[in-house]
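Visitor: Full structure from sequences and hints, please.
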Amino acid sequence: MFHLLDIIGTMAFAMSGALTAMNKKLDPFGVFIIAFVTAVGGGTLRDIMIGRTPVGWMRDLNYVYVIAIGFFLAILFRKKLYKLRTSLFLFDTIGLGVFTLIGLEKGISVGLHPVICIALGTMTACFGGVIRDILCTEIPVIFRREIYATICILGGIVFFLLRKLDLDNDVLYLTTSLVIISVRLMAVKFKWYLPTLEHK
Amino acid sequence: MFHLLDIIGTMAFAMSGALTAMNKKLDPFGVFIIAFVTAVGGGTLRDIMIGRTPVGWMRDLNYVYVIAIGFFLAILFRKKLYKLRTSLFLFDTIGLGVFTLIGLEKGISVGLHPVICIALGTMTACFGGVIRDILCTEIPVIFRREIYATICILGGIVFFLLRKLDLDNDVLYLTTSLVIISVRLMAVKFKWYLPTLEHK
Amino acid sequence: MFHLLDIIGTMAFAMSGALTAMNKKLDPFGVFIIAFVTAVGGGTLRDIMIGRTPVGWMRDLNYVYVIAIGFFLAILFRKKLYKLRTSLFLFDTIGLGVFTLIGLEKGISVGLHPVICIALGTMTACFGGVIRDILCTEIPVIFRREIYATICILGGIVFFLLRKLDLDNDVLYLTTSLVIISVRLMAVKFKWYLPTLEHK
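Protein chains in written order, with the numbering used here: chain A, 1 to 200; chain B, 1 to 200; chain C, 1 to 200.
Rather than coming from a laboratory, the hints here were simulated on the basis of the structure. Do not rely on the hints blindly, as some may be mistaken.
Stated by the list, open to error - Only pairs whose alpha carbons sit at most 20 Å apart, straight line, appear in this in silico SDA-like list of lysine to any residue:
id: 1; chain 1: C; residue 1: K25; chain 2: B; residue 2: Y193
id: 2; chain 1: C; residue 1: K164; chain 2: C; residue 2: V179
id: 3; chain 1: A; residue 1: K25; chain 2: C; residue 2: W192
id: 4; chain 1: B; residue 1: K106; chain 2: C; residue 2: G51
id: 5; chain 1: B; residue 1: K106; chain 2: A; residue 2: G51
id: 6; chain 1: B; residue 1: K25; chain 2: A; residue 2: V141
id: 7; chain 1: B; residue 1: K25; chain 2: A; residue 2: I139
id: 8; chain 1: C; residue 1: K25; chain 2: B; residue 2: R144
id: 9; chain 1: C; residue 1: K25; chain 2: B; residue 2: I139
id: 10; chain 1: A; residue 1: K25; chain 2: C; residue 2: L194
id: 11; chain 1: B; residue 1: K24; chain 2: C; residue 2: E138
id: 12; chain 1: C; residue 1: K25; chain 2: B; residue 2: W192
id: 13; chain 1: C; residue 1: K106; chain 2: A; residue 2: G51
id: 14; chain 1: B; residue 1: K106; chain 2: C; residue 2: G56
id: 15; chain 1: B; residue 1: K25; chain 2: A; residue 2: R144
id: 16; chain 1: B; residue 1: K79; chain 2: A; residue 2: T196
id: 17; chain 1: C; residue 1: K106; chain 2: A; residue 2: R59
id: 18; chain 1: B; residue 1: K106; chain 2: A; residue 2: I50
id: 19; chain 1: B; residue 1: K80; chain 2: A; residue 2: T196
id: 20; chain 1: B; residue 1: K191; chain 2: C; residue 2: P28
id: 21; chain 1: B; residue 1: K106; chain 2: C; residue 2: I48
id: 22; chain 1: B; residue 1: K189; chain 2: B; residue 2: R85
Guide: Structure follows, in structure tokens:
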């Protein structure tokens with residue numbers, strides 16, 4: 001079940017990366033790299049920083065295959081994806097929840113402090129998009145308007161609070177994901193933004 | 001003493017990062033990430049490249065706290081920091097000296113060649129700013145005008161020359177930092193720049 | 001022989017990086033860093049991702065020296081390099097072949113799957129240029145027009161197909177390099193490009 005959600009999230013991230021890259025008029029290689037980086041860039045950065053190498057996708061080829069499928073789907077249906085954007089958005093949101101959880105778990109498995117684990121969860125979920133934006137020479141969108149990353153941090157805090165209650169792992173995972181997913185849906189519906197901080 | 005200077009440097013780097021990010025009109029999350037990356041990005045890159053993982057700030061939460069304080073101070077006093085820029089510049093220069101030393105020491109502790117240690121010192125002191133500029137989609141300022149990095153290289157050379165004299169470690173550290181700090185102050189006062197190299 | 005080709009490739013990459021940086025009017029430090037990153041950035045990224053640290057150039061100072069020589073040559077002859085661009089292009093193409101092979105070999109030595117080894121070969125040969133472009137705030141050129149990276153992938157596939165034939169290693173290396181080099185020469189001569197994928 002969890003693995004299925006991971007696949008859905010990975011594919012959604014890959015497709016969103018591919019769409020961004022096509023908007024930038026990149027060639028197929030560029031589109032593939034951006035799709036790849038959007039999907040696994042956050043986890044790769046996390047693995048590198050905690051010293052878990054070779055990084056995840058090098059040890060589990062399923063990520064490569066899922067991204068390749070997402071890449072081809074995005075290219076084939078690029079004219080129709082506009083209509084599917086609600087589904088894509090939903091899958092992307094599932095990815096946000098699942099990737100945060102994976103990052104939290106990796107941090108715990110290496111014995112890191114909860115604050116660092118929350119940073120790793122946020123990194124896993126959000127920094128693929130940061131690398132995507134940098135490769136497209138845009139200031140990362142999550143630094144500007146979206147409260148995307150803030151929701152992952154909130155999810156991480158909820159996770160560690162609940163963890164003190166000695167809940168079953170499944171309940172813990174499910175609740176954390178649901179918090180992240182529902183806050184994200186509400187944030188978009190009610191247009192919650194962080195204010196920008198102007199200097200001077 | 002050395003640890004105190006490390007804290008002062010980290011906070012100064014975090015505040016300068018936060019100011020840059022606010023000038024770019026980023027949201028609070030973006031400002032925090034840029035502050036974070038400016039302060040510990042160079043050291044993180046160094047740790048990743050020499051294989052010292054989990055990277056430094058994941059093992060010593062004090063960095064996270066100091067950066068968080070710097071971030072809040074920069075936001076609270078953002079309208080007044082202009083008046084404090086001389087102090088900020090001084091703290092930043094202390095950071096330059098201390099971070100170079102930390103990088104040199106880490107390189108030595110892994111048994112690397114002096115040339116590589118000097119590269120690691122420069123990376124520790126200067127590449128947080130490089131990552132900050134890239135995340136803000138600017139060509140890194142130290143590649144264009146400031147002789148910032150060149151001073152760290154000079155400091156590294158002085159360090160290895162003095163080291164041959166079998167000085168006490170404290171004297172070695174103090175002299176190297178003072179060289180870096182005083183050359184930096186003179187460079188700014190007398191407007192020393194590297195010439196740009198034009199092609200054609 | 002192979003080591004000589006590695007040196008030629010490294011120097012060609014360093015010089016091409018230095019030229020790009022001079023076009024961007026960077027100062028000497030900036031030009032050196034871009035030259036360095038163009039030459040060893042791909043291999044550094046590969047080493048970090050597979051956990052082979054300290055990364056390659058920290059353990060073999062010859063890379064540093066070769067890059068320094070390439071940097072000085074590029075600066076000294078910057079007004080004349082235009083005439084030498086055919087030679088530079090040829091050396092660059094040799095680098096493409098050699099670096100792909102080095103990446104493939106490193107992947108095999110860590111016991112990774114052929115698909116991942118091909119990714120590592122491509123990364124070694126092409127991602128120095130990606131980091132160079134990002135540091136110069138350009139969308140990486142290999143994501144836009146050049147079929148550069150695609151040739152490395154093709155070379156990698158040829159390598160693993162030939163490897164099944166139990167050929168002598170020298171023959172295997174030579175054939176793979178020749179495939180990469182000749183396809184690259186043809187691609188430039190006959191202006192082969194990948195089509196860009198436009199969205200909508």
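Visitor: If a hint holds in the structure, say so; if it doesn't, say that too.
Guide: Comparing the hints with the structure gives:
Of the pairs offered as hints, the one joining K25 (chain C) and Y193 (chain B) holds, with about 14 Å between alpha carbons and a cut-off of 20 Å not exceeded. Taking the CA atoms of K164 (chain C) and V179 (chain C), the gap is near 17 Å; set against the 20 Å cutoff, the hint holds. For a cut-off of 20 Å, the pair hint linking K25 (chain A) to W192 (chain C) stands: about 17 Å separates their Cα positions. A hinted pair counts as satisfied when its Cα atoms are at most 20 Å apart, and K106 (chain B) with G51 (chain C) qualifies at roughly 18 Å.
Among the hinted pairs, K106 (chain B) with G51 (chain A) is consistent with the structure: their alpha-carbon atoms are about 17 Å apart, no more than 20 Å. Between the alpha carbons of K25 (chain B) and V141 (chain A) the distance comes to roughly 12 Å, so the proposed pair stays at or under 20 Å and holds. Between K25 (chain B) and I139 (chain A) the alpha-carbon distance is near 11 Å, which keeps this suggested pair within the 20 Å criterion. As the CA atoms of K25 (chain C) and R144 (chain B) are separated by approximately 7 Å, the hinted pair is consistent with the 20 Å bound.
Between K25 (chain C) and I139 (chain B) the alpha-carbon distance is near 11 Å, which keeps this suggested pair within the 20 Å criterion. Among the hinted pairs, K25 (chain A) with L194 (chain C) is consistent with the structure: their alpha-carbon atoms are about 11 Å apart, no more than 20 Å. Among the hinted pairs, K24 (chain B) with E138 (chain C) is consistent with the structure: their alpha-carbon atoms are about 19 Å apart, no more than 20 Å. About 17 Å separates the Cα atoms of K25 (chain C) and W192 (chain B), which keeps this hinted pair within 20 Å; it holds.
Distance restraint check for K106 (chain C) and G51 (chain A): the Cα-Cα separation of roughly 18 Å lies within the 20 Å cut-off, and the hinted pair is therefore satisfied. Distance hint between K106 (chain B) and G56 (chain C) is fulfilled; the C-alpha atoms sit about 17 Å from each other, no more than 20 Å. Between K25 (chain B) and R144 (chain A) the CA atoms are separated by roughly 7 Å; this keeps the pair inside 20 Å, and the hint holds. At most 20 Å may separate the alpha-carbon atoms for a hinted pair to count; K79 (chain B) and T196 (chain A) meet this at roughly 15 Å.
Proposed proximity of K106 (chain C) and R59 (chain A) is supported: the alpha carbons are some 15 Å apart, at most 20 Å. Between K106 (chain B) and I50 (chain A) the alpha-carbon distance is near 18 Å, which keeps this suggested pair within the 20 Å criterion. For the proposed pair K80 (chain B) and T196 (chain A), the alpha carbon gap of about 18 Å is at most 20 Å, so the pair holds. Between the alpha carbons of K191 (chain B) and P28 (chain C) the distance comes to roughly 17 Å, so the proposed pair stays at or under 20 Å and holds.
Restraint check: the Cα-Cα separation between K106 (chain B) and I48 (chain C) comes to about 17 Å, which is no more than 20 Å; the hinted pair holds. Pair hint K189 (chain B) plus R85 (chain B) holds up; C-alpha atoms about 14 Å apart against a cutoff of 20 Å.
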